[in-house]
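2 protein chains.
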Amino acid sequence: MTLIERLAQIVGPAHVLTGEDCARYSTDWTGVYPSTPIAVVRPTSTEEVSAVVKAAAAEGVPIVPVCGNTGLCGGTYSEGALMVSLERMNAVREIRKEARVAVVEAGVVLDKMHEAVDPHGLIFPLIFGARGSAMLGGCLSTNAGGSNVVRYGSTRALCLGLEVVLPSGEVLDLMTALHKDNSGYDLKDLFIGAEGTLGIITAATLKLFPKPAAYATAMVAVPSLDDALVMLNRLQSATGGAVEAFEYMPGPTIDAITAHFDGMRSPFDETYDVNILVEIGATAARDAIPGDDGTLPVVAYLEEVLGGMLEEESVLDAVVAQNETQRAAMWAIREGNAEVALENPPFVNTDVCVPLDRVAEFLEKIEPRMKALDEDMTSMCVCHFGDGNIHYTAQPSRYDDALLDRILEEVEELAIALGGSFSAEHGIGLTKLASMRRRKNPVALAVMRQIKAALDPQGIMNPGKVLP
Amino acid sequence: MTLIERLAQIVGPAHVLTGEDCARYSTDWTGVYPSTPIAVVRPTSTEEVSAVVKAAAAEGVPIVPVCGNTGLCGGTYSEGALMVSLERMNAVREIRKEARVAVVEAGVVLDKMHEAVDPHGLIFPLIFGARGSAMLGGCLSTNAGGSNVVRYGSTRALCLGLEVVLPSGEVLDLMTALHKDNSGYDLKDLFIGAEGTLGIITAATLKLFPKPAAYATAMVAVPSLDDALVMLNRLQSATGGAVEAFEYMPGPTIDAITAHFDGMRSPFDETYDVNILVEIGATAARDAIPGDDGTLPVVAYLEEVLGGMLEEESVLDAVVAQNETQRAAMWAIREGNAEVALENPPFVNTDVCVPLDRVAEFLEKIEPRMKALDEDMTSMCVCHFGDGNIHYTAQPSRYDDALLDRILEEVEELAIALGGSFSAEHGIGLTKLASMRRRKNPVALAVMRQIKAALDPQGIMNPGKVLP
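Chains as they are written, first to last, in the UniProt record's numbering: chain A, 1 to 468; chain B, 1 to 468.
None of these hints come from the bench; they were simulated from the model.
Keep in mind that the hints are not guaranteed to be accurate.
Identical copies look the same in the list; a pair holds intra-copy or inter-copy alike.
In silico DSS-like cross-links for lysine-lysine, where the CA-CA straight-line distance does not exceed 30 Å [to be verified]:
#	residue 1	residue 2
1	Lys-207	Lys-365
2	Lys-207	Lys-112
3	Lys-97	Lys-365
4	Lys-97	Lys-112
5	Lys-54	Lys-211
Next up, chain A with everything else stripped away, as it sits in the complex:
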């Protein structure tokens, strides 16, 4: 029996796709790494995933797990490999409202997860642009981040339990809903963020949180990023840690985005250098009950801090959203960045992280370094400032592979010099293999290779990704 026949036995012939039928799987969102898998198989249960992996492993056929295929680093490139799509494992198995946990399968689309928990007055706080197609298995495999990490942490922090099909096909059941479990090594966190190179995540137990009863959202211009950090800390103190997002955009980036989209405009009449989109969540119920003047307390807290900083001249200007439409308009600017950044090739997109108190230094130093490489270079930048995560997009004046590589090197070098990382939330996949090779601590790389060899001695799980 051929492998394809064996797979058809396991999942049914309708769910083993070959040839043309693989087309929609064989290129990811970026389109940078098209590939031709030998087949796409779509199991519907953990048992089927296990049987599929055993069948492939028996023939030494490489396996590439795929969920929503919205990654930015080529993690699902699958030339000559068997793609295992988790899309049919899409059940929210259980929502336990009092314990504030959900038991889910890997193929649940992030937005569907949001919808599933909403009627319970709860949120699953992970949120980012691709939420309409990204699936939870992919979020876990890449330890996805996004805009709310400052409050709730990355995907890793949201996961209590995990189920993984190992490269041998064995099922590793770590599906607890426990807040404390010190029974041996922390295996769960090894698989989260491993990008499918150590096994296939099939299910998870995830934390849920009370839904904020209201939000206070503002666009704020400050003289410098040092003032921004002061503002972040003051808001955390004023609200008891209720800052849900704290996003930095330079003035020219806002100008470029608002110029690009019809009808979009900056909340400010002038262009300021340093702009922060801040959002506070009213998780304390009373903070969403209007005061005598009709103002929500959560909005009053925000206005109080901003007012104080305006007087001190450590805030230059601020616009507080007065309703959901104004709030959405502010977020549209922030989320418009990806589209605009990708529309002006050539560009070098980066995803670096530095400590919170080094963000200002990074951004001060990067521009002159870029100008030294290419005097006519422009740039866009957005930054999850609350996490120190900077997406700096350099737009050089010419196509030149050596220049593009030098730009990447320069950005990464500066991040590393400031105690940072060359990959904050997008992972490694294929696109950052070179960075792993030249930047990652060699002792850490050696330990990762030892773990990979121990868990996947055949090297069949998403080969060629993560580890150079």
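Following the hints, put chain B in place on chain A, whose structure we already have.
Frame of chain A; chain B shown alone:
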């Protein structure tokens, strides 16, 4: 040159202890596992730890790292092994107030850490009974928990960066202060909680948090643990997640503790079945500013929730601490448990965890099972209810090793049956090896063994611990 001579070269002869001089290291806080190490070596830098490990590894001599020696599971038993004490690596290297991180060495005593960050208006929130002697390296190696996990998480959640000396003596430098870092496998979390079996933690970058400006603390009697969970969720909603501790004690446990200590008395005149010690932190500055009637808002929130539940009869009685003395008296009852539990041998101490919505079921079912084993058995119990972590201490009526083992089996079996773990926050060490063997998922155990073999092929790092 002998190993002892070589070690004396590395750390200086004054810091290689042998014979009698090892006495204070060779038994831990419990006194259950006295042992005779071949020597105790006290390096003062990462480089010295590295050189010590290389010297021992070259001769295949087993190594047992030790910090404050306050563990409860025999993790530092070191018969025939070289003990490496981290006590001289006791510097708080750096406190970065704006970034809210501290860079520390493994030998910093937990209380010293609290003192070091306090002048900055910050806290390192990890807190438990042994804080006067436990050291941060031990806290990290055991992923220590305690009373504030419900708000801040276990030690793992408080650690951004780590430095580890590997079994080869190589230094693994993961000392970042980053909130996002997806550059390869999550190695940090593999070493946290590994109890020194994969390497020696020498330093860490830890998260700091704003110090609550005030606390609201109460002892509350409720009809059932289901009501307790409702109260926890209501308080979280009322305060936006500011519950710092939520500790359950049954009435007889409070009676036993208050009877044991001179001058200690229950805040209640009668004995209630289900008592909760709850504490809310005023992390929002305004919650510590007295209102018109002199009440702190943080106290008012607590009283409001309790008042509503009293009316519904889902709270039976409540005493809110009116000052720091009353607050301390409530905590003294809670913290008196350990001493009283250990003073009535024979006893079986347990540290299990179940999902939050299974705690009530666990506690309902455990008593009849215990009575079936030994009709005259008594018990004590405290529970970090906010984490589902139950410390149930059974006090059988007679010494009988088979009975003691049956008790342990019964407690663990019930926890596992409810989706729980047999080790919540104390770890495995030696005392829970049997539980690991009979309870831990065999696939998980196999993966742990693969990792251990890959990282420590000689098997010299804290051998015989964690993995049966």
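Structure-based check of each hint:
In this homomeric assembly, Lys-207 and Lys-365 come within 30 Å of each other (Cα to Cα) only across copies, at 27 Å, whereas the closest approach inside a single copy is 39 Å. Taking the shortest alpha-carbon separations for Lys-207 and Lys-112, only the intra-copy value of 16 Å comes in at or below 30 Å, while the best inter-copy value is 33 Å. With identical chains, the CA atoms of Lys-97 and Lys-365 are at most 30 Å apart between copies only, with a shortest distance of 23 Å across copies and 48 Å within one. In the homo-oligomer, the alpha carbons of Lys-97 and Lys-112 lie at most 30 Å apart inside one protomer (17 Å), although the nearest pairing across protomers, at 40 Å, exceeds that limit.
In the homo-oligomer, the alpha carbons of Lys-54 and Lys-211 never lie at most 30 Å apart, since the shortest distance is 42 Å inside one protomer and 53 Å across protomers.
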